[in-house]
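4 protein chains.
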Amino acid sequence: MHNNKPSIGIIGATGFTGSELARLLCQHPEITIKHITSETHKGKLFSDLHPQFMGILDQELESADVIDQSDVDVLFLALPHGVSMDFIKRWEHKNCKIIDLSGDFRLSTPEIYKTWYQKDHIFTKGFESAVYGQPELFADQIKGSSLVANPGCYPTASILSLAPLFVGGLIEKDTVIIDAKSGLTGAGVKASDTTHFSNVNENFKAYGLGVHRHTVEIEEQFSILGKQEIQVQFTPHLLPVDRGILVTAYAKTTKKLDQESLGKIYHDFYEGKPFVRLRKSAPGIKDVRGSHYCDIYPFWDERTNRVIVISAIDNLLKGAASQAVHNMNLMLGYEEKTGLEQIPLRP
Amino acid sequence: MHNNKPSIGIIGATGFTGSELARLLCQHPEITIKHITSETHKGKLFSDLHPQFMGILDQELESADVIDQSDVDVLFLALPHGVSMDFIKRWEHKNCKIIDLSGDFRLSTPEIYKTWYQKDHIFTKGFESAVYGQPELFADQIKGSSLVANPGCYPTASILSLAPLFVGGLIEKDTVIIDAKSGLTGAGVKASDTTHFSNVNENFKAYGLGVHRHTVEIEEQFSILGKQEIQVQFTPHLLPVDRGILVTAYAKTTKKLDQESLGKIYHDFYEGKPFVRLRKSAPGIKDVRGSHYCDIYPFWDERTNRVIVISAIDNLLKGAASQAVHNMNLMLGYEEKTGLEQIPLRP
Amino acid sequence: MHNNKPSIGIIGATGFTGSELARLLCQHPEITIKHITSETHKGKLFSDLHPQFMGILDQELESADVIDQSDVDVLFLALPHGVSMDFIKRWEHKNCKIIDLSGDFRLSTPEIYKTWYQKDHIFTKGFESAVYGQPELFADQIKGSSLVANPGCYPTASILSLAPLFVGGLIEKDTVIIDAKSGLTGAGVKASDTTHFSNVNENFKAYGLGVHRHTVEIEEQFSILGKQEIQVQFTPHLLPVDRGILVTAYAKTTKKLDQESLGKIYHDFYEGKPFVRLRKSAPGIKDVRGSHYCDIYPFWDERTNRVIVISAIDNLLKGAASQAVHNMNLMLGYEEKTGLEQIPLRP
Amino acid sequence: MHNNKPSIGIIGATGFTGSELARLLCQHPEITIKHITSETHKGKLFSDLHPQFMGILDQELESADVIDQSDVDVLFLALPHGVSMDFIKRWEHKNCKIIDLSGDFRLSTPEIYKTWYQKDHIFTKGFESAVYGQPELFADQIKGSSLVANPGCYPTASILSLAPLFVGGLIEKDTVIIDAKSGLTGAGVKASDTTHFSNVNENFKAYGLGVHRHTVEIEEQFSILGKQEIQVQFTPHLLPVDRGILVTAYAKTTKKLDQESLGKIYHDFYEGKPFVRLRKSAPGIKDVRGSHYCDIYPFWDERTNRVIVISAIDNLLKGAASQAVHNMNLMLGYEEKTGLEQIPLRP
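Same order as they appear, the protein sequences are chains A, B, C and D. Heads up: the first sequence at position 174 corresponds to 173 in numbering that gives the first Met the number 0, and the numbers run straight through without jumps. Heads up: the second sequence at position 81 corresponds to 80 in numbering that gives the first Met the number 0, and the numbers run straight through without jumps. Heads up: the third sequence at position 223 corresponds to 222 in numbering that gives the first Met the number 0, and the numbers run straight through without jumps. Heads up: the fourth sequence at position 87 corresponds to 86 in numbering that gives the first Met the number 0, and the numbers run straight through without jumps.
None of these hints come from the bench; they were simulated from the model. Hints are not guaranteed to be accurate.
Put simply, identical chains are the same to the list, so a pair is met inside one copy or across any two.
Said to hold, decoys possible - Cross-link-like lysine-lysine pairs, in silico, DSBU-like; alpha carbons within 30 Å at most:
| id | residue 1 | residue 2 |
| --- | --- | --- |
| 1 | K255 | K226 |
| 2 | K279 | K113 |
| 3 | K142 | K226 |
| 4 | K189 | K43 |
| 5 | K226 | K41 |
| 6 | K279 | K118 |
| 7 | K336 | K43 |
| 8 | K43 | K279 |
| 9 | K113 | K255 |
| 10 | K142 | K251 |
| 11 | K172 | K113 |
| 12 | K189 | K279 |
| 13 | K43 | K272 |
| 14 | K279 | K41 |
| 15 | K255 | K172 |
| 16 | K251 | K172 |
| 17 | K43 | K263 |
| 18 | K88 | K142 |
| 19 | K124 | K43 |
Take these sequences, add in the hints, and give me the full structure.
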């Protein structure tokens with residue numbers, strides 16, 4: 000019987016992060032999925048919507064209204080930006096932990112939110128309690144939190160790529176350039192010109208130059224880690240693959256390093272972090288596909304005295320769903336790796 | 000401690016089936032991997048060869064010679080056709096069970112082997128004991144066997160597509176056409192013109208017309224199931240994807256059916272087979288990717304009075320590695336699904 | 000000056016066939032593009048819609064209304080099925096030749112159209128004059144026609160694959176199976192779940208089992224060629240590539256052939272047809288990409304006494320736009336190859 | 000008759016640039032292909048090697064020895080780095096123009112060549128006469144040259160992205176970062192782990208960090224244009240597509256610009272250059288596929304006061320074969336666009 004296990008609700012089952020959450024959680028040994036909701040598809044089975052789950056997760060989809068009256072221990076909100084906050088406000092007084100996969104509580108203030116998301120925030124109180132859910136950096140705060148803002152996919156790969164140097168005070172201000180590349184699932188499940196096969200396949204392009212919302216999320220976290228205001232140049236690109244983010248991060252350092260000293264900084268910083276793997280050469284996105292790993296390769300260019308860090312994640316997992324489960328593990332007091340030991344699927 | 004669990008050896012770690020076996024077996028709850036061998040890479044770590052396993056499976060690769068002196072309970076041979084038989088002969092008197100993923104013991108006689116594989120068989124005695132390891136059809140024989148010939152990838156998808164009709168005596172002789180399409184991993188890990196990205200990507204073609212070795216493997220199994228000599232027209236094609244086989248099987252039947260009666264035949268036949276999923280519409284290969292499922296959709300065309308069956312598998316799993324683990328489960332007396340509950344990775 | 004050259008209108012510029020027509024026609028040496036129309040995008044430049052044409056074809060898009068008052072020699076209708084007939088009726092009395100790329104006039108009667116297209120035909124008179132525009136088969140009729148129904152993409156590859164055998168009276172009735180595979184552009188430019196990258200990429204599936212509209216188009220043409228009523232089993236599949244159709248056609252013959260006699264039949268039939276290339280092994284779709292070729296490989300299976308024919312085309316060109324230009328060349332009395340000598344783009 | 004047209008030899012027919020040269024040159028109106036050579040495949044037809052050319056270019060492949068005794072006007076050397084120089088030395092006294100597609104004469108001195116190519120140069124005299132064949136920058140020198148070093152693919156896209164700013168003296172020293180991404184054909188036709196489909200497909204990774212040979216080629220050209228020694232950070236990545244390079248170039252400027260002034264600089268610089276297209280938003284590689292265009296989008300980031308320039312080319316064409324033909328047009332006195340008006344193939 001699952002009766003004594005914490006019960007979980009997944010709010011929003013249509014998108015990629017919703018289905019990935021379900022994939023991870025229905026095999027998680029310590030919890031039980033009580034509700035999966037979808038306003039559009041309520042009444043259908045989860046496996047009607049996602050046929051790969053046939054015979055595995057045939058649970059009926061419900062309206063999110065069911066949560067109002069239901070005891071659940073943890074809610075995962077896999078909803079669009081600007082929609083999530085409505086539900087978090089609505090369930091403010093519920094006695095449950097919330098992990099929000101949208102961008103609604105990732106930034107520091109409602110004003111900054113409005114600037115980058117072009118929308119008034121309707122639950123500004125949430126900013127007081129929300130914790131930024133990057134487990135490698137803020138595990139202690141996450142453990143005690145009831146509202147975790149799950150980091151964005153690009154920010155996860157970007158922040159982890161340079162965190163050791165920012166924390167070490169080693170980054171020369173305003174030299175950081177993050178050239179990031181994401182698989183198409185980052186654009187979401189909705190059919191559009193952007194997601195049309197013929198616009199993606201055999202193609203590659205930059206988008207959101209200078210204005211992408213993840214820029215400020217990265218800058219805020221680097222500013223916290225570096226203890227000064229940091230500006231980054233962030234450029235996302237769209238890869239003709241389903242999954243994966245590769246970040247190529249460039250920075251000048253405040254003192255000359257070499258490959259060995261650089262490697263040591265990263266090794267010391269990430270020791271004991273089970274999901275960061277320090278690589279000896281540049282990783283590819285396929286090395287982490289389907290898994291919770293972030294593979295990082297820091298490189299010191301002797302010729303230019305610049306550091307280049309390559310980091311690779313699966314945008315739907317370490318960049319979304321598995322990071323959310325990781326946060327849940329911390330919030331509920333489980334071992335970090337519980338339910339997250341999937342091995343990358345390659346080829 | 001793993002000491003009391005059956006110990007396993009994986010012979011041949013370089014190829015795709017070797018690494019997939021390792022992925023499944025290192026998470027299998029009932030066994031322990033004792034040896035992984037590679038003549039080319041002995042001394043390296045498994046994760047040097049397959050970096051996605053870094054921190055997960057860093058076991059040292061050994062020469063296959065180590066097996067001569069080692070107690071192991073089960074050996075998986077992930078070797079090329081024509082090489083496997085050397086080792087099976089060599090280890091004839093070892094007290095261990097062998098699951099051979101090559102084609103060396105799949106056919107009925109050494110003579111037929113020679114005709115289709117253009118090579119003399121050097122261990123004809125093996126044919127006496129080898130069992131064809133299709134768990135949905137021959138579970139009882141597999142349970143008692145010490146040498147299982149793991150079915151080919153195309154044969155698995157092909158045989159499962161029409162088995163219910165052959166067993167039911169419903170196939171009109173010589174009307175079977177199997178038009179099959181496989182992802183590139185079916186061509187193996189070796190670099191060649193065939194596997195060069197630019198020959199595969201955005202391309203699609205038929206190959207092996209009239210002469211592909213899997214033809215006779217399919218025919219032999221259908222002949223057994225149908226209790227008469229069966230000839231099939233089998234045409235493989237190469238898909239520009241990593242994983243997956245889709246079979247489109249056509250046949251005339253000995254009596255007129257309809258969609259409902261056809262569906263019932265399949266339902267009855269596959270009831271209790273945990274890895275065959277009968278679908279209500281045509282499956283895609285991505286619905287089973289990374290999993291042990293075979294998704295099948297039988298369709299009756301009222302206009303032409305012909306049956307069309309679509310079946311989809313992951314060629315590296317149900318078509319190779321997970322089927323081998325399934326066979327091991329049967330041979331060692333475990334529940335069929337043990338260690339095989341991976342959910343398809345989609346998208 | 001272009002003044003004395005025949006003037007052309009392309010009706011419908013949004014879709015893939017519209018832009019491919021423009022690509023071919025703006026480099027055709029004998030004609031001039033007078034109008035390109037789009038109701039949705041009128042007023043924009045063609046290159047706003049299709050940026051690859053920037054600096055090449057910056058012509059302004061007009062409403063189709065402009066055609067009412069304009070002298071044009073040839074109109075290409077690149078419109079959806081069921082929309083084309085409205086315009087053909089409207090321009091019935093215009094003194095111009097029409098090449099219709101939709102399915103509206105490909106079938107023999109309005110009744111059959113209604114059965115397969117689920118729509119009443121509003122211009123039944125057009126059936127009297129419409130010629131089926133397969134240049135390799137009906138060049139004489141096309142030359143004298145004012146209304147050409149440009150063949151469907153699947154029918155083109157299918158018909159050419161078996162035409163020599165049907166014309167020779169060599170096909171055994173009701174043994175024809177056409178297993179066809181198409182790139183995604185066959186599904187059109189419109190964003191939908193079907194065309195979403197993540198549903199196509201790394202995927203492969205059958206669709207339209209038993210009911211695809213091209214079935215009847217193929218059957219009608221085979222019936223004409225074979226001088227008896229022919230039924231075919233036609234199954235389309237969706238390939239994760241942009242362009243290309245590969246047909247694998249199976250048939251029993253009324254007399255035993257061999258590879259040599261089969262090859263001779265094809266050679267004799269296609270002699271002098273500049274765009275059919277008889278290959279000595281199975282072609283891939285990339286061998287014809289971006290070109291007007293249909294590559295065909297007829298294979299006689301000695302073991303099964305069955306013929307297998309592989310044919311490959313670019314669905315947007317030989318399966319649509321370049322075939323339309325080929326028809327125009329015939330209708331205007333130009334040499335067949337005029338403007339159609341693009342070499343396949345590979346890799 | 001072709002007798003009076005200049006005659007051409009293509010040395011090295013096996014690789015992608017060899018076949019692309021043939022594709023362009025066999026349709027070039029002003030020249031005739033006299034020889035195509037391949038040591039490995041001499042005696043075969045060109046179309047045996049590249050079946051897409053069947054019926055189009057069935058010319059017999061010869062040994063390069065034939066050139067010793069043959070009058071040809073232009074030789075295209077499509078050979079590996081380090082091999083080309085042997086032939087250029089051998090044919091030093093032939094009265095013909097040579098366009099070398101290798102890297103053997105792109106750098107300024109034999110010493111720098113040795114440092115980056117790890118090989119002694121055996122024909123140092125060639126450096127005196129070789130002209131760097133970037134038509135947008137050095138048309139006058141190219142016109143008078145007998146030995147043109149055709150630029151590398153990455154350098155072409157990189158140099159054109161920032162040339163207007165370097166020439167204008169606007170780049171702040173040592174701030175240039177070039178994050179470049181190339182399709183797989185850049186890795187060549189040879190089968191290897193690098194080019195194996197399963198290592199490329201659904202993957203993406205950086206390579207050659209800090210040591211890629213194109214770094215020095217870019218730096219030398221920028222130093223010439225900028226009239227001071229320039230260092231760049233250049234990082235290449237491998238895209239899972241056949242064709243295309245996208246460069247994302249970052250730089251600080253010596254004075255504050257804005258989008259308008261930046262655009263004007265590029266507009267003035269590239270006016271009259273028929274193959275550079277200035278775009279109003281970020282181009283994708285598919286916008287130029289199969290064509291000789293370089294699409295450029297310069298962007299001024301008001302927030303960071305940094306310039307970002309995106310440039311896109313087809314690596315096999317503008318990055319190799321069509322640029323070589325462009326150079327030939329200049330060397331032979333033809334209009335620049337002769338034979339190079341292919342429209343991008345999209346989708």
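Structure versus earlier hints - violations, ascending order: Hints 5, 10, 19 are the ones this structure does not satisfy, whereas the remaining hints hold.
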